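Listed here are the chains, written in short residue letters.
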Amino acid sequence: MINGATYIRRELLIRLVRAFDDGVLREEIDQIPIRLRPKDSDASRCCIYHDRAVLKYRLMALLGISAEEETDEAKTLSEYLDEIIGGEPREISEDSEFERKTAPLSVCAPACSGCPDARVVSTSNCRGCFARPCVYSCPKNAITVTNGRSQIDSSKCVKCGKCISACPYNAIVKTTVPCEEACPVGAIRKNERGVAEIDFSKCIFCGKCFMSCPFGAVMERSQIVSVLSAMKRGEKLVAMVAPAADRQFPGTVEQLLAACAKAGFSDVIEVALGAEKTTEHETAEFLERMEQDSKTFMTTSCCPAYVNLVGKHLPELIDKVSLTPSPMVYTHEMVREADPGAKTVFIGPCVAKRSEARRKGIDFVLSFEELGAILAGRKIDVLACEPHPIERPAAATARNFARSCGVTEAVLAEATAKLPGFQLAAKQINGIDRKTCAMLKLYASGKLPANFLEVMACPGGCVNGPCSLS
Amino acid sequence: MEKIKVEICCGTACYLLGAAKLMNIEEELPENLKDKVDIQARTCLGLCERDHLGGAPYVKFNDTEIMGNASVEKVLARLNQLVEGAEQS
Ligand code: FES
Chain A
1 MINGATYIRR ELLIRLVRAF DDGVLREEID QIPIRLRPKD SDASRCCIYH DRAVLKYRLM
61 ALLGISAEEE TDEAKTLSEY LDEIIGGEPR EISEDSEFER KTAPLSVCAP ACSGCPDARV
121 VSTSNCRGCF ARPCVYSCPK NAITVTNGRS QIDSSKCVKC GKCISACPYN AIVKTTVPCE
181 EACPVGAIRK NERGVAEIDF SKCIFCGKCF MSCPFGAVME RSQIVSVLSA MKRGEKLVAM
241 VAPAADRQFP GTVEQLLAAC AKAGFSDVIE VALGAEKTTE HETAEFLERM EQDSKTFMTT
301 SCCPAYVNLV GKHLPELIDK VSLTPSPMVY THEMVREADP GAKTVFIGPC VAKRSEARRK
361 GIDFVLSFEE LGAILAGRKI DVLACEPHPI ERPAAATARN FARSCGVTEA VLAEATAKLP
421 GFQLAAKQIN GIDRKTCAML KLYASGKLPA NFLEVMACPG GCVNGPCSLS
Chain B
471 MEKIKVEICC GTACYLLGAA KLMNIEEELP ENLKDKVDIQ ARTCLGLCER DHLGGAPYVK
531 FNDTEIMGNA SVEKVLARLN QLVEGAEQS
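Going down the list, the sequences are from chains A and B. The numbers in the working numbering rise by one with no breaks, and the one at position 448 of the first sequence is 448. With positions in the second sequence counted from 1, the corresponding number in the working numbering is that position plus 470.
Quick caveat, the hints were computed from the structure, so don't treat them as lab data. Remember, it's a predicted structure, so these values are computed and weren't measured experimentally. Built from N, CA and C at the ideal position, the CB exists for glycine as well. Some hints could be false.
Stated by the list, open to error - In silico EDC-like links for lysine to aspartate or glutamate, alpha-carbon gap of 20 angstroms or less:
#  : chain 1 : residue 1 : chain 2 : residue 2
1  : A       : K343      : A       : D267
2  : A       : K379      : A       : D21
3  : B       : K475      : B       : D505
4  : B       : K504      : B       : E554
5  : A       : K379      : B       : E477
6  : A       : K140      : A       : D153
7  : A       : K360      : A       : E333
8  : A       : K101      : A       : D117
9  : B       : K491      : A       : D246
10 : B       : K491      : A       : E11
11 : A       : K379      : B       : E519
12 : B       : K475      : B       : E496
As the list claims (entries may be wrong) - Derived DEER-like restraints, expressed as beta-carbon distance ranges:
#  : chain 1 : residue 1 : chain 2 : residue 2 : range
13 : B       : D508      : A       : E285      : 51 to 57 angstroms
14 : A       : E285      : B       : M493      : 40 to 46 angstroms
15 : B       : N502      : A       : P38       : 38 to 44 angstroms
16 : B       : D508      : A       : E73       : 52 to 58 angstroms
17 : B       : K544      : A       : P168      : 35 to 41 angstroms
18 : B       : G555      : A       : K159      : 52 to 58 angstroms
19 : B       : K491      : A       : R378      : 21 to 27 angstroms
20 : A       : A438      : B       : M493      : 38 to 44 angstroms
21 : B       : D508      : A       : P389      : 31 to 37 angstroms
22 : B       : K506      : A       : S229      : 48 to 54 angstroms
23 : A       : Q31       : B       : M493      : 31 to 37 angstroms
24 : B       : D508      : A       : S41       : 32 to 38 angstroms
25 : B       : E501      : A       : C46       : 21 to 27 angstroms
26 : B       : M493      : A       : E73       : 39 to 45 angstroms
Based on the provided sequences and hints, a complete structural model is requested.
Next comes the structure, spelled out in structure tokens:
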């Protein structure tokens with residue numbers, strides 16, 4: 001669903017593409033914040049100058065530069081742009097700072113509002129009633145009534161929320177820090193200056209903070225300008241469109257592929273074709289594990305946020321995660337096999353894929369939003385495109401990979417085709433949050449029974465990814 | 471009475487900037503408007519030029535009137551006005 005933060009991000013993206021195509025990006029990029037917030041216009045923050053400062057950081061993120069990386073505040077956007085367009089891809093050494101330097105997410109401190117700590121407070125709606133259900137409902141004796149108003153002692157309060165539901169006047173509310181609340185692994189916290197900060201040794205790049213911040217302070221580092229300039233240089237770029245693309249744009253998948261081809265990609269391929277291979281190999285791997293140990297337990301591996309979660313937080317699951325490569329990786333291999341000189345651009349709804357792509361040698365990642373901006377900038381309407389001629393559409397089960405239960409169904413179909421009557425004790429983790437993280441531990445220890453576990457970080461599957469459009 | 475023609479821009483710029491949720495406005499039409507409007511999805515109306523980008527999504531009424539920053543609420547409110555105006559005249 002679109003909100004003010006998504007609107008401005010998308011508007012900036014489209015402006016960026018148009019200015020790039022008109023050949024005026026270098027001259028205009030530093031003016032964009034001023035053009036968008038001219039004097040006498042309404043400010044969304046304290047004043048237009050603050051708005052402009054944040055817009056500069058937004059544009060930096062679109063250029064792929066994180067606010068945390070900034071060393072020289074006086075450096076202009078056009079200088080950053082020159083580095084990106086002209087320079088060689090930056091080699092980043094594999095030191096302890098690697099995760100931070102290559103992280104696809106960044107927090108822009110000037111955009112962060114430093115939300116007050118999460119707590120339960122009584123508001124002026126309190127009527128100081130006689131029955132005092134709040135006082136009686138509180139298991140910690142944290143509530144007293146003084147001067148006709150209930151008061152909550154935050155040193156005793158455990159934020160259970162019992163008083164909130166007990167109060168007939170809706171006088172008690174819980175304030176939250178949305179990013180901290182959304183993060184399943186406690187990786188984002190306010191620092192000593194009260195500004196949110198991501199601990200990259202913990203972050204799994206699920207993108208939940210990015211989606212939840214009402215100030216749009218968590219930003220994604222884009223590769224769009226690198227893609228646009230590679231296209232302009234005439235490099236062969238192959239668009240690998242994720243199965244989650246279905247119904248993201250108006251029109252069919254075939255029309256979307258046609259739109260990509262029209263936008264300047266030298267070729268287009270459905271990642272669902274890679275998903276077919278993932279299905280085949282993952283099923284074979286599972287059957288093999290079953291053969292070796294009838295009590296085997298294996299989880300899927302195509303969700304990169306989940307793979308990051310296991311790597312950083314759930315070591316007990318490491319040998320349970322399937323070793324089969326993801327659809328993106330198979331598709332990349334298929335493209336490279338056909339044309340070793342081609343560069344691959346994965347197009348999907350996922351933040352974490354950016355980290356997987358870097359590890360697996362995929363050249364670029366674009367979000368659906370960024371692809372949309374390229375199409376909008378180049379005036380390409382998906383609905384107006386003739387369906388792209390494809391040799392063979394991917395199997396329906398593979399196209400369904402991006403929906404919760406989709407991988408399970410594909411593997412089950414493949415397994416029963418090989419072994420009629422095969423039974424799969426499959427379960428799904430449909431969305432990673434604190435609760436499901438705890439459940440994952442129970443699966444690992446065998447307290448929750450299953451032999452095949454499909455894990456997707458986003459509720460409903462990749463179709464609801466942090467960078468999805470619908 | 472002529473039906474009011476409503477063209478919703480589903481060009482990529484408008485779509486990205488909020489037209490996606492306008493697309494099922496048909497289902498949200500109240501009884502009094504149901505058979506008085508003719509809603510059509512359109513490809514780019516040509517209004518999203520560089521300097522006007524901030525106005526997307528766009529909706530066009532009766533071939534002439536343009537609404538920027540369109541939302542379901544705004545479109546319904548305008549339709550009510552148009553219908554009332556037509557009934558009075
Ligand atoms: S996309 Fe709506 S006017 Fe161009």
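Outcome of the hint check:
no. : hint                                : result
1   : A:K343 / A:D267                     : holds (10 angstroms)
2   : A:K379 / A:D21                      : holds (11 angstroms)
3   : B:K475 / B:D505                     : holds (11 angstroms)
4   : B:K504 / B:E554                     : holds (14 angstroms)
5   : A:K379 / B:E477                     : holds (18 angstroms)
6   : A:K140 / A:D153                     : holds (10 angstroms)
7   : A:K360 / A:E333                     : holds (10 angstroms)
8   : A:K101 / A:D117                     : violated (28 angstroms)
9   : B:K491 / A:D246                     : holds (17 angstroms)
10  : B:K491 / A:E11                      : holds (17 angstroms)
11  : A:K379 / B:E519                     : holds (10 angstroms)
12  : B:K475 / B:E496                     : holds (13 angstroms)
13  : B:D508 / A:E285: 51 to 57 angstroms : holds (55 angstroms)
14  : A:E285 / B:M493: 40 to 46 angstroms : holds (42 angstroms)
15  : B:N502 / A:P38: 38 to 44 angstroms  : holds (41 angstroms)
16  : B:D508 / A:E73: 52 to 58 angstroms  : holds (55 angstroms)
17  : B:K544 / A:P168: 35 to 41 angstroms : holds (36 angstroms)
18  : B:G555 / A:K159: 52 to 58 angstroms : holds (54 angstroms)
19  : B:K491 / A:R378: 21 to 27 angstroms : holds (24 angstroms)
20  : A:A438 / B:M493: 38 to 44 angstroms : holds (39 angstroms)
21  : B:D508 / A:P389: 31 to 37 angstroms : holds (35 angstroms)
22  : B:K506 / A:S229: 48 to 54 angstroms : holds (51 angstroms)
23  : A:Q31 / B:M493: 31 to 37 angstroms  : holds (34 angstroms)
24  : B:D508 / A:S41: 32 to 38 angstroms  : holds (37 angstroms)
25  : B:E501 / A:C46: 21 to 27 angstroms  : violated (45 angstroms)
26  : B:M493 / A:E73: 39 to 45 angstroms  : holds (43 angstroms)
In summary, the numbered hints that this structure violates are 8, 25.
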